[in-house]
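Line order of the protein sequences matches chains A, B, C and D. The first sequence begins at 1 in the numbering used here and counts up by one. The second sequence begins at 1 in the numbering used here and counts up by one. The third sequence begins at 1 in the numbering used here and counts up by one. The fourth sequence begins at 1 in the numbering used here and counts up by one.
Calculated from the structure, these hints are not laboratory results. These figures come from a predicted structure and were not determined experimentally. Cβ coordinates follow ideal geometry from the N, Cα and C atoms, glycine included. Among these hints, one or two may not hold up.
To be verified - Reference excerpt, derived from the structure (chain B facing chain D, CB under 7 Å, subset only): (1) K223; (2) Y225; (3) S231; (4) K232; (5) E236; (6) R323.
To be verified - Distance condition first, Cα-Cα at most 27 Å in a straight line; then the derived DSS-like pairs of lysine-lysine: (7) B:K242 <-> D:K297; (8) B:K242 <-> B:K130; (9) A:K31 <-> B:K242; (10) D:K142 <-> A:K31; (11) B:K242 <-> B:K73; (12) B:K238 <-> D:K142; (13) B:K238 <-> B:K222.
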Amino acid sequence: MAVDSLDTPVKLAPARPVRESQVALMWRRFKRHRLALVSLWIVAAFYLVALLAEFLAPADPGAYSARYTYAPPQGLHFFARNEDGSWHFGPFVNGYKTEIDPVALRRTFVIDETVRHPVAFFVESEPYRLAGIIPMSVKLFGVTEPRTPLYVLGADRLGRDLLSRLIHGTRISLSIGLAGVTLSLFFGIVIGGFAGYYGGWFDSAVMRVVEFIRSMPTIPLWLGLAAAMPRDWSALQTYFAITIILSLIGWTELARVVRGRFLSLRTEDFVTAAQLDGASTWRIVTRHMVPNFTSHIIAAATLAVPGMILAETALSFLGLGLQAPIVSWGTLLQDAQNIRTLATAPWLLAPGLCVIVVILCFNFFGDGLRDAADPHGR
Amino acid sequence: MVQFILRRFLAMLLTLFAVSFVAFAIIQLPPGDFLTSYMASLAAQGDQVDPRVIENLRQQYGLGEPYLVQYWKWFTGILQGNFGQSFEWKRPVWELIWGRIGYSLLIEGMAVIAMWLIALPIGVYAAVRKYSLGDYLATIGGFIGLAIPNFLFALILMYLSFVWFGRTIGGLFSPGFENAHWSLPRIWDFLQHAWIPVLVLATAGTAELIRILRANLLDELKKPYVTTARSKGLPEWKVILKYPVRMALNPLVSTIGWLLPALVSGSVIVSVVMNLPTAGPMLLRSLTTQDMYLAGAIILLLSVLTVIGTLISDILLAWIDPRIRYGSR
Amino acid sequence: MHKLTLHRRAPVAGGLVAVLMAGAAFLATPALAQQQAPMLDALVESGDLPPVAERLPTNPQVVEAESIGQYGGTWRMGMRGGGDNGLIAKTVAYEGLVRYDRQWQGVLPNLAESWEANADATEYTFKLREGVKWSDGTPFTTEDIAFAVELYQDPEYAAGSWIDNVNNPVHLEVIDDYNFKFRFDEPNGMLLETMASVEGIHIVSLQKAYCSQFYPKYNENADAEAQAAGFTNWALYLQDRCAWGWETIRFSNPDLPVLYPWVIDQTLTANAARVTWKRNPYYWKVDAEGNQLPYIDNLDMRVSESIEELTLLALNGEIDFQERHIATVVNRPLFFDGQEQGGYHLGEVVPSASNTLVLQLNFNHDDPVKRELYQNKDFRIGLSHAIDREEIIDVVFTGQGEPFQVAPRPESPFYDEELAKQYTEFDPELAIQHLEAAGLTETNGDGIRLMSNGQPARITADVISALRPEWIDILEIMQLQLAAVGIEIELNNIDRTLFYEKRPSNDFDAQVWAGDGGIEVVQDPRYYMPFSDESVWAYRWVQSLNGTRPEIAEEPVDWAKQQMDLYNQIRASSDPEQRADLMRQILAITKEQFPVIGVSLMPNSYSIVRNNLRNVPESMFNAWLFPTPAPMDPVTWYFE
Amino acid sequence: MTPQTPMVDKPLLKIEDVEIAFSSPDEADIVAVRQVDLTLTAGKTLCLVGESGCGKSVTARAVLRLLDQNASISRGRILFTPPGEETVDIGALKSDSLSMRAIRGNKISMIFQEPMSSLSPVHTIGDQIDEMIMLHEDLKPKEARERTVSLLDQVGIPGPRERADTYPFQLSGGLRQRAMIAMALACTPNLLIADEPTTALDVTTQAQILDLLKKLQDDYGMAMLFITHDLGVVAEIADEVAVMYLGDVVEQGDVFEVFRAPRHPYTQALMRSIPTMARKADRQRLSPIKGTVPSAKDRPQGCAFTSRCPHAFEPCPTVRPERTQVGEGHVARCHLLTQDTTRAEELA
C-alpha cells in the first residue's frame, strides 16, 4: 500500500538503459574477466599477424633450401658474451655447422655459437604485395648478409622456414575460422531468428532440422562432403568449399542461441508494446530485439570459431580438406604428425602450439563476452 | 510423462529415416563407385583387372541402378535387419560392424564417464570461486584439453609411452588377449590400452561440460533457495552440493545427447591414429574405398546411437527433474 | 651374397635351360633321411600326420641357402589395414608353377619341374612335380590346373587374369596327371615371365577337390546351397570360399587348401587384429640336407591402419623383417638411430622403378594446341633442361640417386647410359632455346610463355600425394624451376579414383607417377612405348593395340606404331635373345622420341631385419611383379 | 495485538551500532547500513519498516550472517542471548563457523518473501523440513517426518502427510508460505526473522498468514523480527517498530507511541501517506514525500533524510543527529528534537 507509492519513484530510478551505457557496462564487466581481457589481446595479435603475414614472415613460405632440411631452430639472440668477455649487443642468429650422414641419410646440424649473423629490422626485400594489395619491399626483420640461413623456429623437411610458413598458415586458418563463423552466423540468425520470432510450426520444423543435423556425427558428414567436392578445384575453391562445409554444421548452434533469445524476448513487455504501437516486424526485430542480444550472438560466435579451426586441422589430418601446397596450420600439422617428427624434429609441432593458444584465447574471450553480455552467465 | 516420451520417440523415428537417407546420400556423393576405386587401388599396386570382371561385379552388386532404387533396396533391407554386403570384405555388413560398434560404444561410454568425473569438481570449484586463481587454472586446464587436436594428443601419448615405458600401445588388447573371452586379466589388459583414447576423448569434451556447469551453477547460486538452505544452518559445502549443484546438473544431463556426435567424430580420429578396433577406422576405409553399404550402415548406426542417446538423456532429465515429470514449468 | 649389380646376364628362360636346371635340382636331392620340424613329431607319432617322407614329393624342390637353419620361431611383421593382401602375396602366397631367381634374371622351376615351348611361343608343355600335396594332403595334379582354367574362363565367375585374357586366352590340354599343354591363338613369348611373376599364383590357386563343391557344374545344387548360406548366387559363395589368386577374401577361409609354406591360422577378416600362419606340414620344398622347409614355424602379421603404430613396433624390435609401408625416406634416420635399441639392422632394397617421378604429358589432349605442343619433342626437351635435378635430389632425397630419365636401371641388361642421361643437365639457356624452338616465343606480363593460341603455357599436373608424399615436394620445386623459364606448372593433388577416371575422359594435361619398368623392362615398358592403360601419356594410342577401351582408340603416330609392331614380335618369340634385341630396338625409338620426362634414379630403399634372423640376403629387388621378399626364399630364413 | 508482556532485563537480541558495507571490484565501498541499534525481547515482535533499499533486509540477514561475500559488518556488535545461555556476538562469528550454523535455523530461523523461489523446486516439502530437523536434533528420519507432519498440520496445511511428499510448485502461494513457516519453526527457535513474508501474497492469504504468525508466536513465545514496507501490516502485528531510511534507523519505539506521535519528519511523512477511511467529502489528498530516495552513494554526511526533509536546516546535511529519547522507549534521530524548543514545537 502506502510505501509502495513511495517505492515507485525508486524503482524508476535507473533510467531506461541507453545503448552506450550498455556497451560501457558490458565492457566493464568484461574487464573483470582478466583472462578474457588478455585473450582478447592475444587473439587480436594473431589476426594482426594474419593480416601482415607477408611483412612479418622473413622468408617466402615456399622457399626451400637443400642445405637446411630439418635444420633446428636458431632462436633470435639480442646480446651475447664474446670470447674476450666483452658483450655483444644487437640482434643476431647463430650459424649452423652441418654435415651429411650418408648412411643415416640426413644432415646433422650443430648451432655454431662462434658464428653470428646480424639480424636487422625493416630490411629490404624483393618487392611483394601486402595482403595481395599494397606493394611493399621491406620486411619486419631479416639477415643483412646475403645467403645466410635464418630459421628462428627451425626448418621443415625441405628446408623451408617454419616461422614464415606458420605466419602464412595463420592467415588461412584464422580466416577460415572467421569466414566459417560469419557464414554460420548468417544462416543461424536468419533461420533461428525467424523460427524464434514466428514460433509455431515453422519453429518446430527448424528445430527438428537442427536437432537432426546435430545428431549426425560430423566426421562422416565432412568426409562425405569433402570427398564429394570436385577434386580438380583450385586451392581457393577448395578453401571456400571447406568453409561452407564447416559452417553447414556450425550454424545450428547459433540458430539455437538466436532462437532462444528471440523466444524469451518476444514475450518481453517492450516488444509487446512496440507491437501494440503497430511497429513493423522488421522494425521490431532490428530496433528492439536485435540490440538486446547482439552481445549474446557475439559471444556465441566467438565460441564457435575454435571449433572451426580444430575442424580444419582434423580434416587436413584425414587427408581431406586443405592440402599442400596450401599452407595452413592443418596442413603444417599434417607434416608433423609422424613419429619421425616427434623424435627428431619436434619444433615442427609449433603449429599445434599455435592452435592450442588461439583456441584457448578464443574460448576465454568468448566466455568473458558471454559473462559480460548477461551477468547471470548463461 | 509417457506421452512426452512417445512424442520424442516419434520425432526420433522421423529423424532416423532422414538420417538413413542422408547417410546413403553422403556415401553416394563421391565420384565413381566401389569398383572404380577398387581398380584404382589395384592399379596403384601395379596390378590390373580385366574390365569384363568389373562389369560382372557391377552386375552382381547392382551398382548400375539409379540412386533411389538402390536406396530403397538398402532401406527396406535394413528394416528386415539386413544391412547388405560389404563389397570389399564380401561379408554381411552386420557381421563386420557389430563388434566394432560395441567397442566404439564402450570407449565413448568410458569417455563420457571420465568427462563427468573431471568436469564436475572443476566446474563446481570454478563457479563457487568465480574469478579466483583456482577458477582460472581449472578452466585453463579444461580448455587445454579441448584445444589440443585429438590426433596430435594421441600420437604424442603413444610416442611417449614408447620412449618412457618401451611399450607400443596400439589397439585395445595385447596379443594374448585379442581373441580371449572376457576375464579379469583381459579387462585389466583392456584398461591398460584404453586409457589413452579415453583420456584423449574425455579431455576434448570436458571443457564444454565445465563451461556449462559453471554457468548454470553461477546462475543457481544466486537463487533464494540457497539462502534458505544456509539459513537452515547447513554447512556451506552441503548447501552447495545438495541444492544448486543438484539443480545445475539437470541441464547438464541433457548435454549427453549432443556430446555424443562430437565424441563419435573424435573417436574416429583417435582410433585411426591408435589402430583401435572401433567403427572409426572401418568407416574411414569404407568411405575411401566407397564400400557403400558398409559405410552407410556405420554412419546410420552411429547416428542412431546418438539420436537414442539424446532421447535417453531427455528421458533421464524428465526423470530427475520433477518439474518436467509433473508437466509443470 | 652376390651384389645384384654384378649380374648383367641376359634373361634366361624357356625350354632347354630350365629343364637343365630342374635336372640339377633333381641330382641335388640328397639321399640322407629327411628331417621335419619338431612341432610335427607328436602329430606323426599320434598318426594324425603321415611321416615326412610320405608328405614330401618324390622330387622335392631343393632350396639352396647360405646356411642350414634350425626349426622354430615366429616371423612378426605389420599389415597395413585388413586390405593389405599384397603383403601375403609377397611373403606366403608366391607359389606358382615357376618362379624368378633371386637376381630377377631368369625363371626357375617351382611346382612345375620342367617345361618346353615351341618356336613361335604358341604352345607350352609343363611337367608337374610328382607327389606334391595340398595343405590338406590331397595330391596336386593337372585336375586342379584344369579346374582353375575352367573357372577363370567362366564369364559368370568374376575372376580375371592372364588365363582368361580376352586377347589371347589359354587353351588347356591335359596329357596325364602330371603333364599338360598351354596353347595360345596368338604367340605368347612372355608367358614364363608372367607365370614367374606374382601373376603366376592364379593358375594354382584353386583346388578342385574343395572348390568344385561350390560350382554348379560339379554340384547341381550349388546355387541352392549358396542361397542357404546367405549369398545371392553360387558365384558369390564360391568367391567367398575360394576366391582366386591372392584376393583378400581367400585368407578369411581357414578350410581352403593351399600350396603355401604356411597355412592360415587366425584368418584375415575385417576385424582381425592380427593374421597368423602356421607351417604347412605338406610343404614340398627341402633344404640342401633334405630337411623339410620352412624353418620358421609361424607368421604373425599385426593388422594396423596406423602406419605410426607399425613404425613404433619396428622401432621396438617387434618386427622381424619388413620393408613394406614403413621403410620410407622420411623414416630412415629414425630407423637408423633405432637399430641399437630395436636389435635390428637395415638391409638394402633395390626398387624396380627407374625414376622417382615421371611427368607424362597428354599426347592425346582434346585441345589441339596443347596436343600439338605436348607432342613437340623440343618442348619436352626444354622442360627437361629447365629442371635442376641435382637440387631436387639434394632437397628431397638428401643426395640419394642421380639425375635420370625414364630408362632401364643400371642393374638391368637393357641399361643404356645415353637413354638414361639425355637432356638431364640443368641448363636454362638451352631450355629456353628449345622452348622457343617449340614456338613459345611470346610471354605475358607474369613472364609466362604464350602458346600459339595466346593462352599461357600452363600445365596442370595431377598427382596423388597420398601415394608418395615426396611427389608434392618434387613438383613444388619443379614449379619454381620451370617458372624461371616461363612455364607454369599447376599442382593438382587429387584422390585415386578421380586420377584414374580422368584418363578415359581425357581431361588432364599431365599425370605424375613413379618410373615402373626399370628392371622389368620387357614385362612393363609403359613409358618406353604405348603399352598399357598405364601408358597415360598415350592413353588413346594404347587402346588401338588390344587396349581395354577400343571405343576411344586413336591412330598412333608412326614411331609408336613401329614400337607396337616390334612388341608384337616380342610376344611372338620364345627366344630370349631375340626378344632382347627387339626390346633394344623399341628402346632406341624411345631414345629418339623422348616421350616422357624423368627426374632422378629411384634411390635404394631399405628393409628392417632383426639381427637374429638368418639367411636374409643383404640386398634384394623390390617390385610388384617380383614380390619381395618371396623370391628370396623366406622358407629358408631362420632365427638364431 | 499481543498482550503486553513485562520487559525482560536481558534482551534476546541486541544490535549495537552496526554498519554494513558492500565492496565491489570497480567502485568505492557502499555503506548500505550506516548505523543500526535494535533490541528484541522474547515474545515481542519488532517491525523493521522502510522503503525498499533502505537496508532493512540487509540488517535482518546480517543477524543470520547470510550476507553475500562482498558484504561485511564493518562496525558494531550483534549480541544474541538465548535464554539461560551465554551471550554471543554474532557479528564476530565466521559466517560458516560451527557456532554460527548451530544458531541458524535452530535458535534463529528465517522466512522469506518469495516462498516459490525460496524452496528448492526439486526436493519435496517434507525432505526440506526433515533435513532441518535432523540437522539440529538427532532424530531418525521417521521421527523427523512425524515432526514435519505435525508442523505442517500446525501451520494449517490440510492433509499434511500427503502434502509432505509434494513439490513446492504443486502448492498454492499461501500453502507454500505456510510450509516455509513450518520449516522455520521446526526447531522451535527463540527468534524468527520474517523478511516481508506476506508481500508476495494476496490480501486474504496475507491476513491468514499474519494471524498464523501471531498465533504461533504466542504458542512458542519467541521473539520476531518482522520486515515490511507495509504500515498496515505493522499496525497489525508489531509491538515495537523501527523506521529505517537509507541505512539509518530514524525512529524507533512502541508501535502505539510511534503511530500516535511520530517525531521524525520521515515517519510523519509516512503516516500522512496512509489513506484513512473517510467519507468522500472530507477526504484530504494523500501527500506523498517529495523527491526520490538518493542512492546510498550520495547519502549526505548528516541526516540521510535531508534531501527530502521539509524542515531541513544548517546542521542537517553535515552533522548526524543524535539518538534522542522522546518518550517511554521511543527514540528518534532528528536535529529538530535536539535544537531549541521553538523548532521542536514544529514537530509536536
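These are the hints, each one checked on the structure:
The interface hint given for B:K223 holds, since its Cβ lies 6 Å from the closest Cβ of chain D, which is under the 7 Å cut-off. Taking 7 Å as the C-beta cut-off, the interface hint given for B:Y225 holds, the closest approach to chain D being about 5 Å. Because the smallest distance between the Cβ of B:S231 and any Cβ of chain D comes to about 5 Å, under 7 Å, the interface hint for this residue holds. A hinted interface residue such as B:K232 counts as satisfied when its beta carbon comes closer than 7 Å to some beta carbon of chain D; here the least separation is about 4 Å, so the hint holds.
This hint holds: B:E236 has a C-beta 5 Å from the nearest C-beta of chain D, less than the 7 Å allowed. At a threshold of 7 Å, the smallest CB-CB gap from B:R323 to chain D is about 6 Å, leaving the interface hint in force. Our distance criterion of 27 Å between C-alpha atoms is broken by B:K242 and D:K297, whose separation comes to about 37 Å. Under the criterion of a C-alpha separation no larger than 27 Å, the hint pairing B:K242 with B:K130 is consistent with the structure, at around 19 Å.
This hinted pair does not check out: A:K31 and B:K242 have alpha carbons roughly 32 Å apart, beyond 27 Å. Using a Cα cut-off of 27 Å, the hinted pair D:K142 and A:K31 is violated, with the two alpha carbons roughly 52 Å apart. Between B:K242 and B:K73 the alpha-carbon distance is near 54 Å, which puts this suggested pair outside the 27 Å criterion. Between B:K238 and D:K142 the alpha-carbon distance is near 22 Å, which keeps this suggested pair within the 27 Å criterion.
Proximity of B:K238 to B:K222 is assessed by CA-CA distance (about 16 Å); at most 27 Å being required, the pair is judged to hold.
The earlier numbered hints that this structure contradicts are 7, 9, 10, 11.
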